[in-house]
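Top to bottom, those sequences are chains A and B.
First residue of the first sequence: 0, per numbering that gives the first Met the number 0; consecutive thereafter.
First residue of the second sequence: 0, per numbering that gives the first Met the number 0; consecutive thereafter.
Derived from the structure by calculation, the hints contain no laboratory data.
Hints may be right or wrong, so weigh each one.
Said to hold, decoys possible - Quick list of in silico lysine to aspartate or glutamate cross-link-like pairs, EDC-like style, CA-CA up to 20 Å: (1) B/215 x B/309; (2) B/312 x A/74; (3) A/4 x A/54; (4) B/115 x B/165; (5) A/4 x A/178; (6) B/1 x A/115; (7) B/323 x A/113; (8) B/1 x A/119; (9) B/323 x A/119; (10) B/1 x A/54.
From a predicted model like this one, the values you see are computed outputs, not experimental measurements.
Chain by chain, the residues run as shown.
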Amino acid sequence: MIEIKDVTKTYKTGVLEFQALRGVSFTINDGEFIAIMGPSGSGKSTLMNILGALDTPTTGTYFLNGQDASKLEEDELADIRLSHIGFVFQSFNLLPRTSVLRNVMLPLIYSGIEKDIREERAKVALLAAGLEEEHFGHLSNQLSGGQIQRVAIARALVNEPSLILADEPTGNLDSKTGEIVLATFQRLNQEQQRTVILITHELEVAKHTDRIITIKDGAILSDSFTRSGNNQK
Amino acid sequence: MKISDMLDETLVALSANKVRSGLTMLGIVIGISSVIAMVSIGQGAQSSIQASIESIGSNLLQVRPGAMRSFGGQVSGGRGSAQTLTLADAEAIARKVSGINAVAPEISSRYQVTTKGANTNTAVTGVTEAYPIVRNVKTENGVFVSDQQSKTLAKVAVLGPTTRDDLFGEGANSIGSLIRISGIQFTVIGVTEAKGGSGFGSQDDVVFIPLGTAQKYLTGNEYVSTISIQGQNSDSLTAVQTKVTDLLLDRHNLSDVASADFSIMNQADIVATASSVTGTFTTLLAAVAGISLVVGGIGIMNMMLTTVTERTKEIGLRKAIGAKRREINIQFLVEAMLLTLIGGTFGILLGIGISYAVSALGIIQTSVSIPSILLAFGVSAAIGIVFGYYPARRAAGLNPIVALRYE
Numbered sequence: 000m001i002e003i004k005d006v007t008k009t010y011k012t013g014v015l016e017f018q019a020l021r022g023v024s025f026t027i028n029d030g031e032f033i034a035i036m037g038p039s040g041s042g043k044s045t046l047m048n049i050l051g052a053l054d055t056p057t058t059g060t061y062f063l064n065g066q067d068a069s070k071l072e073e074d075e076l077a078d079i080r081l082s083h084i085g086f087v088f089q090s091f092n093l094l095p096r097t098s099v100l101r102n103v104m105l106p107l108i109y110s111g112i113e114k115d116i117r118e119e120r121a122k123v124a125l126l127a128a129g130l131e132e133e134h135f136g137h138l139s140n141q142l143s144g145g146q147i148q149r150v151a152i153a154r155a156l157v158n159e160p161s162l163i164l165a166d167e168p169t170g171n172l173d174s175k176t177g178e179i180v181l182a183t184f185q186r187l188n189q190e191q192q193r194t195v196i197l198i199t200h201e202l203e204v205a206k207h208t209d210r211i212i213t214i215k216d217g218a219i220l221s222d223s224f225t226r227s228g229n230n231q232k
Numbered sequence: 000m001k002i003s004d005m006l007d008e009t010l011v012a013l014s015a016n017k018v019r020s021g022l023t024m025l026g027i028v029i030g031i032s033s034v035i036a037m038v039s040i041g042q043g044a045q046s047s048i049q050a051s052i053e054s055i056g057s058n059l060l061q062v063r064p065g066a067m068r069s070f071g072g073q074v075s076g077g078r079g080s081a082q083t084l085t086l087a088d089a090e091a092i093a094r095k096v097s098g099i100n101a102v103a104p105e106i107s108s109r110y111q112v113t114t115k116g117a118n119t120n121t122a123v124t125g126v127t128e129a130y131p132i133v134r135n136v137k138t139e140n141g142v143f144v145s146d147q148q149s150k151t152l153a154k155v156a157v158l159g160p161t162t163r164d165d166l167f168g169e170g171a172n173s174i175g176s177l178i179r180i181s182g183i184q185f186t187v188i189g190v191t192e193a194k195g196g197s198g199f200g201s202q203d204d205v206v207f208i209p210l211g212t213a214q215k216y217l218t219g220n221e222y223v224s225t226i227s228i229q230g231q232n233s234d235s236l237t238a239v240q241t242k243v244t245d246l247l248l249d250r251h252n253l254s255d256v257a258s259a260d261f262s263i264m265n266q267a268d269i270v271a272t273a274s275s276v277t278g279t280f281t282t283l284l285a286a287v288a289g290i291s292l293v294v295g296g297i298g299i300m301n302m303m304l305t306t307v308t309e310r311t312k313e314i315g316l317r318k319a320i321g322a323k324r325r326e327i328n329i330q331f332l333v334e335a336m337l338l339t340l341i342g343g344t345f346g347i348l349l350g351i352g353i354s355y356a357v358s359a360l361g362i363i364q365t366s367v368s369i370p371s372i373l374l375a376f377g378v379s380a381a382i383g384i385v386f387g388y389y390p391a392r393r394a395a396g397l398n399p400i401v402a403l404r405y406e
């Protein structure tokens with residue numbers, strides 16, 4: 000469960016101060032499929048960084064599974080990311096010239112898991128992300144955009160995180176491939192009850208989720224369930 | 000993160016950019032190999048000089064006359080020019096000083112030596128029976144000069160191999176042949192073994208004749224130019240030197256060392272001087288090679304900095320998925336160290352190869368020492384740490400949010 004309460008974030012550049020978040024509060028339950036939407040400059044990236052434990056809020060609290068992640072040091076945040084969060088990025092960020100399996104196993108190396116178990120779990124994650132087994136040995140630069148993003152999803156899944164954070168996951172994909180990737184998130188949410196947060200500026204993408212939080216100028220503009228979400232719940 | 004995984008990651012990262020990794024290593028390879036080769040050549044030179052000093056005899060003291068002074072005592076004729084040492088001095092030393100194996104007085108001068116159809120200008124040395132023992136000379140053919148021949152002023156000569164070659168042709172049998180030294184006829188009774196021409200003048204281009212004969216027919220006086228003394232062992236050499244000094248001062252009626260009309264050279268001093276010269280030479284070579292090692296190290300730092308910039312996104316990703324600052328730091332440090340260690344290993348092999356090649360080509364007999372290998376290895380590891388530290392720190396200090404956005 001995710002609880003964000005009165006979170007603000009202020010950036011200082013010399014004497015200039017910029018308030019990216021002005022008091023944001025919401026709760027996300029386990030197993031939700033949710034989109035955080037807003038135009039660029041709305042503060043959604045800042046919110047994602049805080050949700051992803053890449054950054055801490057200036058004021059306010061952030062509880063992730065009951066643990067306060069709002070006042071942690073750099074390495075403690077790294078621990079939170081390692082065990083609780085899986086990231087999917089717009090630009091995929093696979094290691095270049097490295098095999099698919101190696102890419103997916105990367106988080107497991109940092110968790111100190113044995114080599115044979117690593118490979119087993121990476122294969123499970125890749126199948127769950129919908130990549131065909133024939134591609135497992137390929138290098139990351141031999142794959143298509145859709146395949147690359149599925150490898151990235153598998154990498155986010157492999158550590159069994161409680162939260163998958165996807166930052167514009169379809170931003171670099173054509174609409175057809177984007178649909179497939181979004182369907183993958185939907186399936187993971189339904190079949191494995193994973194909490195998935197999509198960060199996007201496109202309503203078309205956000206509509207695939209059950210709940211949309213819209214942010215503008217650092218504050219929540221609306222927080223509503225979509226029709227597909229209402230139909231399910 | 001486990002150490003084996005760390006090494007695995009590093010190897011993958013290094014092999015992802017083989018050409019660049021290889022070229023970076025090359026700097027270290029050249030640096031380390033030149034250090035090893037240079038030090039081995041330097042040490043080879045040292046032992047070869049030492050060997051050639053030892054070849055003139057072991058535990059050797061040489062007494063030479065002092066400088067000849069004019070009556071006013073102002074103009075010096077140069078060291079060794081005075082005629083102060085006599086055969087009697089040599090006999091007194093042999094009789095009165097303990098700890099001595101043998102005493103060999105000699106008188107040496109250059110003369111024109113002729114034979115039928117050939118002639119040469121060479122050092123003619125008047126010697127006694129003790130000379131071969133003291134100066135480590137062996138007779139290859141025939142016999143050496145004896146004391147009896149010295150007493151009877153026999154006109155016999157023993158040739159050095161080079162002189163024999165010059166007068167009679169290479170390898171010719173010259174025993175029993177006649178030669179003329181300064182117009183006086185001598186019979187060849189022996190040829191000495193070749194010692195090699197290294198060190199201070201060739202010891203093969205020489206004619207030995209009995210000391211008495213030389214004094215009587217060539218120099219016309221009773222002086223000797225050098226008294227060589229072989230001590231029983233190297234430890235007592237200094238004590239022998241002191242005793243000989245005292246004895247000669249006494250015999251020459253001189254009160255103190257400052258007014259001595261002779262000088263004594265101790266072989267241990269010569270060896271020490273030569274060692275210090277070659278030591279300096281070796282240090283110089285190693286220092287020049289060391290500079291290339293530092294340049295190689297800077298090459299490593301350069302590559303690591305480029306790598307960190309190039310892989311900023313990767314570092315951001317690693318941090319995003321939970322890598323700690325320390326883990327990033329160590330990964331890049333290990334990368335730099337692995338580069339230097341692999342480069343260092345190749346460098347050591349190449350260095351050993353070069354010094355063997357130098358030996359095999361007969362340029363100089365090199366010797367690769369274990370300490371120089373260990374030192375080179377330690378230095379290459381240290382270079383990895385020193386020059387990898389800053390790039391690794393930079394990588395570890397990257398903010399994951401900024402790094403992920405880096406284009």
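Review point. Which of the numbered hints are not met once you compare them with the structure shown?
Key: Violated: hints 1, 5, 9 and 10.
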